[in-house]
Amino acid sequence: MTPDDAGSALALADAVRRGERSARSVAEAALGAIAAREPELHAFLHVAADGARADADAVDEKVRAGEDPGPLAGVPVALKDNLCTRGIPTTCASRILEGWRPPYDATVVTRLRDAGAVVVGKTNLDEFAMGSSTENSCMGPTRHPMDPSRVPGGSSGGSAAAVGAGLVPLGLGSDTGGSVRQPAALCGVVGMKPTYGMVSRYGLVAFASSLDQIGPFARSVGDAALLFEVIAGHDPKDSTSLDLPVPAAVRSLEVGVEGLRVGVCEELVADTAPDVSRRVREAAEDLARAGALVEEVSVPEMRLGLSAYYLIAPAEASSNLARYDGVRYGLRVDALDVAQMNTATRTAGFGPEVKRRIMLGTYALSAGYYDAYYGKAQRVRTLLIRAFDLAYERFDVLIGATAPTTAFAIGERVADPLTMYLSDVCTIPSNLSGHPAMSVPFGAGDDGLPVGVQVLAPALCEERLFQVAAALERSAAARARPGHGEGRR
Amino acid sequence: MSEPPSLGRDDVAHVAGLARLSLSEEELDMFTGQLARVIDHARDVSSLDVHDVPPTAHPLPVRNVLRTDDPCPGLDRDEVLAAAPDVEDGRFKVPRIVGEAP
Numbered sequence: 001m002t003p004d005d006a007g008s009a010l011a012l013a014d015a016v017r018r019g020e021r022s023a024r025s026v027a028e029a030a031l032g033a034i035a036a037r038e039p040e041l042h043a044f045l046h047v048a049a050d051g052a053r054a055d056a057d058a059v060d061e062k063v064r065a066g067e068d069p070g071p072l073a074g075v076p077v078a079l080k081d082n083l084c085t086r087g088i089p090t091t092c093a094s095r096i097l098e099g100w101r102p103p104y105d106a107t108v109v110t111r112l113r114d115a116g117a118v119v120v121g122k123t124n125l126d127e128f129a130m131g132s133s134t135e136n137s138c139m140g141p142t143r144h145p146m147d148p149s150r151v152p153g154g155s156s157g158g159s160a161a162a163v164g165a166g167l168v169p170l171g172l173g174s175d176t177g178g179s180v181r182q183p184a185a186l187c188g189v190v191g192m193k194p195t196y197g198m199v200s201r202y203g204l205v206a207f208a209s210s211l212d213q214i215g216p217f218a219r220s221v222g223d224a225a226l227l228f229e230v231i232a233g234h235d236p237k238d239s240t241s242l243d244l245p246v247p248a249a250v251r252s253l254e255v256g257v258e259g260l261r262v263g264v265c266e267e268l269v270a271d272t273a274p275d276v277s278r279r280v281r282e283a284a285e286d287l288a289r290a291g292a293l294v295e296e297v298s299v300p301e302m303r304l305g306l307s308a309y310y311l312i313a314p315a316e317a318s319s320n321l322a323r324y325d326g327v328r329y330g331l332r333v334d335a336l337d338v339a340q341m342n343t344a345t346r347t348a349g350f351g352p353e354v355k356r357r358i359m360l361g362t363y364a365l366s367a368g369y370y371d372a373y374y375g376k377a378q379r380v381r382t383l384l385i386r387a388f389d390l391a392y393e394r395f396d397v398l399i400g401a402t403a404p405t406t407a408f409a410i411g412e413r414v415a416d417p418l419t420m421y422l423s424d425v426c427t428i429p430s431n432l433s434g435h436p437a438m439s440v441p442f443g444a445g446d447d448g449l450p451v452g453v454q455v456l457a458p459a460l461c462e463e464r465l466f467q468v469a470a471a472l473e474r475s476a477a478a479r480a481r482p483g484h485g486e487g488r489r
Numbered sequence: 001m002s003e004p005p006s007l008g009r010d011d012v013a014h015v016a017g018l019a020r021l022s023l024s025e026e027e028l029d030m031f032t033g034q035l036a037r038v039i040d041h042a043r044d045v046s047s048l049d050v051h052d053v054p055p056t057a058h059p060l061p062v063r064n065v066l067r068t069d070d071p072c073p074g075l076d077r078d079e080v081l082a083a084a085p086d087v088e089d090g091r092f093k094v095p096r097i098v099g100e101a102p
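Which chain is which? The protein sequence lines are A and B, in order.
Numbering of the first sequence is given in the working numbering, commencing with residue 1 and proceeding in unit increments.
Numbering of the second sequence is given in the working numbering, commencing with residue 1 and proceeding in unit increments.
To be clear, the hints were calculated from the coordinates, so they are not data collected in a lab.
A few of these clues could be false.
To be verified - In silico BS3-like cross-links for lysine-lysine, where the CA-CA straight-line distance does not exceed 30 Å:
no. : chain 1 : residue 1 : chain 2 : residue 2
1   : B       : K93       : A       : K355
2   : A       : K62       : B       : K93
3   : A       : K237      : A       : K62
As the list claims (entries may be wrong) - Label-pair ranges, simulated between beta-carbon atoms:
no. : chain 1 : residue 1 : chain 2 : residue 2 : range
4   : A       : R386      : B       : F92       : 44 to 50 Å
5   : B       : R67       : A       : G448      : 51 to 57 Å
6   : B       : R63       : A       : R386      : 19 to 25 Å
7   : A       : G19       : B       : D69       : 42 to 48 Å
8   : A       : P39       : B       : P73       : 39 to 45 Å
9   : B       : V53       : A       : A65       : 22 to 28 Å
10  : B       : P55       : A       : D271      : 47 to 53 Å
A quick note: this is a predicted structure, and the numbers were derived from the prediction, not measured.
Every residue, glycine too, gets a C-beta built ideally from N, C-alpha and C.
Given the sequences, and given the hints that come with them, work out the whole structure.
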């Protein structure tokens, strides 16, 4: 598959549905592209070649039989390796789950297959989705598709790189503090975090349960909308799943932004690199030119988001990861009694970042510190949600940067966890509030690498999000056309 | 408002034990420095007076969800046990529990 070929899931699905292309040939093209780029990129932890061929053949059989093969007929999709796939290894890039083959599929995987999509493999991530660069993988880092000396972002860096390199048109990731949006920005693709509860998490390996949400990667806003509509919707297997109609994302693409109130969020611009904040300002200008009412807005509580997140997320992780005890699945390191076996297993099975977060969370929850840390963070979370509510009385959407910088060098931020954590400063607020947000590619930084502009909307307002994202995509394309000089360096 | 304490080596050793992680002396030093930096950064949150603000545990209003009481198949027992490190007679097998006779 060439990047042009991977450009449109919609076009591929149409061609397959009409019988102009076989799903099998599309799958072979994707597998061929993966084989060619993988040695350099390391975006995949497992390529499910046989399964992909079988999925594709089933789609072709439906087309031949005159049955509806679904809206994603024959479209290759890459799955972050924290999504359970029956019989296909699911490792979370952790030694503790090496070789584990889940006995069931995640609901999103079932929905993808029902829609005719072809699962080509499982992608690399920071161990248990804890990180911002994909360097915390026990299988080694993924490299940026445009510059192998840089990170693709994280934690869903494998899916972002696979879509960014054009190996597949679509990917899925999970976003707990920005793990879909931040790598999407760094790799120059579209990435979205839906409203908390909009997409079923049944079969997503839990990291921080009040924050985790599955989201799509695509090479266009339209493809992201298509994928979002397939994976969204109520699931009785997830008790946090919302029983509401799926937002009409695809139908929102052509609506435009006339009269929409857009707030340029100071906190999502001020601390970003100049070449990133310049693109946000350009995006704001373009939205104003397209008829939106654009104003600056300050939401100071966002500055507390990072600290609150790095108390809440580790606290929930320390509880969720208690299940890796060497008893029911995954690694076991033998010892004389159960307690020693637990300790030996967890010590050998978890990498340094996962241990840091488990200890940080255990500390934030422990006797004597609970009120000062976890309790405070939960109250600050309320302050942030109230501040968002206030801002959304005046604005329909907020915009800002997705990440403070373009893709950084491999190794640059690993020595100091706090510096790495700051990579998520622009994306974390939406996880704490449970609101949807999306990153749209918008030009490049001084280094020529992609910049993402982030759009934030109130809970359940996905349609508005896609409306604005599509407008930004159109203006980014207009700016990239030769002869556009305006606003460019 | 009392200043929350900073995090020291003993704290890290204590929480590692609670979390069933064993650390070498070098790891203990490294993690103490790194975690203290994060906890110190969190002072902007931990030093706030927010006693009159209710906590948020979940971003959206929660309600209890019960599935309808219809029988349906669960996971296949043999398939689940096949992934376990050790099994015996259709059950998970573990080393001895402390305090019991071996």
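To see whether the hints hold, each was checked on the structure:
Proposed proximity of B/K93 and A/K355 is supported: the alpha carbons are some 26 Å apart, at most 30 Å. The suggested pairing of A/K62 with B/K93 is violated, with an alpha-carbon distance near 45 Å, which exceeds 30 Å. With a CA separation close to 28 Å, the supplied pair A/K237 and A/K62 stays within the 30 Å bound. Range check, A/R386 to B/F92: about 46 Å between beta-carbon atoms, so the 44 to 50 Å window is met.
B/R67 and A/G448 have their C-beta atoms about 52 Å apart, which keeps the hinted 51 to 57 Å range intact. Checking the proposed 19 to 25 Å range against B/R63 and A/R386 shows it holds: the Cβ atoms sit about 22 Å from each other. A hinted range of 42 to 48 Å holds for the C-beta pair A/G19 and B/D69, which are about 46 Å apart. Against the hinted window of 39 to 45 Å, the Cβ-Cβ separation of A/P39 and B/P73 comes to about 43 Å, which satisfies the hint.
Evaluation of the 22 to 28 Å hint for B/V53 and A/A65 yields a failure: the beta carbon distance comes to about 60 Å. Checked against the hint of 47 to 53 Å, the C-beta distance between B/P55 and A/D271 comes to roughly 27 Å, which is inconsistent with it.
Taken one by one, the earlier hints fail for this structure at numbers 2, 9 and 10, listed in ascending order.
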